[in-house]
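**Student:** Letter by letter, the chains look like this.
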Amino acid sequence: MDKIEKNLLKQIADIEKTPMGAYNIRENGKLSARNTTANIDIVTKKDKPGIDIIIKPNTKNESVHIPVILTQGGLNDLVYNDFYIGENADVVIVAGCGIHNSTCDTAQHDGIHTFHLAKGAKIKYIEKHYGEGEGTGERILNPQTIINLDENASMEMESVQIKGVTSTVRETYANMKKGSSLVISERIMTTGKQTAKTVFDVNLDGEDSSVHVASRSVAEDDSLQEFISNVKGNAKCFGHVECDAIIMGNGRVISDPKIEANNVDASLIHEAAIGKIAGEQLIKLMTLGLTEKEAEEQIINGFLK
Amino acid sequence: MLELKDICFSRDNKNILKNVNLEIDNNKMVVITGPNGSGKSTLAKIIMGIENPDSGKIVFDGKDITNLSITERAKMGIGFAFQQPVRFKGLTVRDLIEISAGSSSIKVCDACDVLADVGLCAQEYLNREVNGGLSGGELKRIEIAMLAAKKSKLTIFDEPEAGIDLWSFNNLISVFEKMHDDIKGSIVIISHQERILNIADEIVLISNGKVEKHGPREEMLSQIFNKVKPCHKLEKNEKCNEGRA
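Sequence lines, in order, name chains A and B. Going by my numbering, the first residue of the first sequence is number 12, and it counts up by one from there. Going by my numbering, the first residue of the second sequence is number 3, and it counts up by one from there.
Quick caveat, the hints were computed from the structure, so don't treat them as lab data. Possibly wrong hints are sitting among the right ones.
[Stated by the list, open to error] Only part of the chain A face toward chain B is listed, based on derived beta-carbon distances under 10 Å:
#, residue
1, H127
2, E291
3, Q292
4, I294
5, T302
6, I310
[Stated by the list, open to error] Pairs of lysine-lysine residues, derived as PhoX-like cross-links and limited to a Cα-Cα distance of at most 25 Å, are as follows:
#, chain 1, residue 1, chain 2, residue 2
7, A, K304, B, K180
8, B, K77, A, K304
9, B, K91, A, K208
10, A, K316, B, K109
11, B, K47, A, K287
The beta carbon of each residue, even a glycine, is placed where N, CA and C say it ideally should be.
Go ahead and model the full structure; you've got the sequences and the hints to work with.
**Tutor:** This is how it looks when you write it as structure tokens:
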């Protein structure tokens with residue numbers, strides 16, 4: 012693995028050397044490295060590109076890293092990864108994709124991740140997307156996450172698009188049974204003429220199911236972001252969607268929230284705020300000795316932390 | 003240390019400050035008081051550079067800072083605690099204390115000390131976001147802790163007591179006294195509270211955009227309380243008998 016590839020891995024998965032536990036590293040559309048454990052199996056799909064990650068019931072304190080890196084322009088990498096999390100397992104899954112494109116051709120990765128959490132299973136899923144490279148070719152990432160939570164299963168999802176992605180459509184669909192819970196935290200930064208579209212579609216089908224979606228984004232320069240959410244309360248449930256965006260330069264953000272209560276005991280909240288950095292925030296940090304530019308950076312870094 | 007010369011400031015055809023002249027010496031605790039709308043907060047903002055005077059001159063440590071930016075003044079050693087503290091989504095108490103101290107290497111125990119001084123448990127607050135989840139009183143104390151961490155030669159507090167409960171009020175007085183002893187700088191407090199006036203070396207009375215009087219505490223206190231209307235004395239928990247027929 013060369014320096015560029017190592018840097019991509021560090022950016023998206025914080026991996027500097029061989030990760031502990033199970034892993035599957037995909038490089039330019041091909042398997043680069045894999046490790047399985049007694050409790051976590053990774054199997055290559057036979058009918059389409061991708062892998063099945065099978066985690067045995069009651070597996071605890073283990074992790075799976077499945078980063079994808081692309082360093083070739085002109086490559087359109089589509090992959091289907093299915094996660095089967097056994098009953099009462101409690102694991103961390105780190106995914107993500109980094110593209111280094113030094114060509115004038117487009118480099119694209121579309122990762123379709125489907126999670127099946129059995130009863131009482133619990134996961135923390137971390138997904139980072141990152142682009143770099145001096146080429147004029149576009150860097151496109153279209154992740155799709157499909158989440159199926161069985162009774163009392165819970166999932167915490169952290170989704171971060173650090174920088175350098177020309178365009179992205181990020182879709183998350185969730186179907187939730189009784190007592191299940193889902194917490195999604197999203198951070199997106201766009202610059203230049205980049206575009207980012209995020210879709211959250213959540214079905215709260217089971218009694219006492221709950222979802223909390225918190226999206227924070229910054230749109231700089233001439234970039235455009237769109238946030239679409241639709242949370243359907245089909246039972247006694249709780250849903251909270253929070254969308255905060257900072258716009259700078261000619262950046263634009265469209266927020267299109269929808270909450271749908273289909274049961275009288277459904278309790279759903281949506282909060283959205285879009286605006287530039289408040290002048291008083293800049294002034295406060297300047298009175299502490301920061302320049303306006305430094306103050307702006309601190310505010311943005313904190314907001315997206 | 004600080005000299006204001008003929009400062010004038012007007013907005014919307016209203017003269018808010020009229021030829022204000024004021025000198026603050028080194029290592030002094032100065033309280034600026036006066037009726038609402040008399041121009042006290044505007045004066046504080048002009049010293050920090052948040053507002054610019056229409057005319058006049060500001061000299062700090064012998065240097066004309068009238069045209070310097072907020073950042074330049076902050077770096078020279080001026081600090082300012084807002085009357086209404088600002089909220090930041092994402093920045094934690096620790097972030098703000100580190101920025102205030104001018105270094106990310108501020109020791110955790112030092113950050114804890116400044117929080118403890120304002121009556122906040124560091125363990126509970128250090129990693130909390132300075133956002134809408136904090137009450138007005140908590141924000142106010144964090145604001146004061148930031149200024150304690152900044153250790154400026156000149157620190158200005160704009161109505162620090164506003165939003166602070168009575169229980170914390172005595173601690174607040176101790177914080178100012180401790181800051182004054184530790185930093186050996188000057189502290190300027192805009193306040194209406196007699197207990198804060200009582201810790202001043204000097205008191206400045208501003209009225210209708212002008213410095214009406216400026217002098218040592220004892221001399222000023224007797225003049226101020228002989229002048230104020232009875233209802234002001236209610237702040238001292240006294241019965242409002244005076245001035246009645």
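**Student:** So, for every hint listed, does it hold in this structure?
**Tutor:** Hint by hint, here is what the structure shows:
Interface restraint check: H127 of chain A against chain B, minimum CB-CB distance 34 Å, threshold 10 Å, status violated. The beta carbon of E291 of chain A is positioned within 10 Å of a beta carbon in chain B (closest approach about 5 Å), and the interface hint is therefore held. The criterion of a C-beta within 10 Å of any C-beta in chain B is met by Q292 of chain A, whose closest approach is roughly 5 Å, and the hint holds. Interface hint status for I294 of chain A: upheld, as the beta-carbon distance to the closest one in chain B is roughly 6 Å, under 10 Å.
Taken as an interface hint, T302 of chain A checks out: its beta carbon lies about 5 Å from the nearest beta carbon of chain B, inside 10 Å. Of the supplied interface hints, the one on I310 of chain A holds, with its beta-carbon coming within about 7 Å of a beta-carbon of chain B, less than 10 Å. Among the hinted pairs, K304 of chain A with K180 of chain B is inconsistent with the structure: their alpha-carbon atoms are about 34 Å apart, more than 25 Å. In summary, the hint linking K77 of chain B to K304 of chain A is supported, as the alpha carbons are separated by about 15 Å, within the 25 Å threshold.
Between K91 of chain B and K208 of chain A, the direct Cα distance comes to roughly 23 Å. Compliance with the 25 Å bound is thereby established for this hinted pair. Distance check on the hinted pair: K316 of chain A and K109 of chain B sit about 22 Å apart at the alpha-carbon level, within 25 Å; holds. The straight-line distance between the Cα atoms of K47 of chain B and K287 of chain A is roughly 23 Å, inside the 25 Å bound, and the hint therefore holds.
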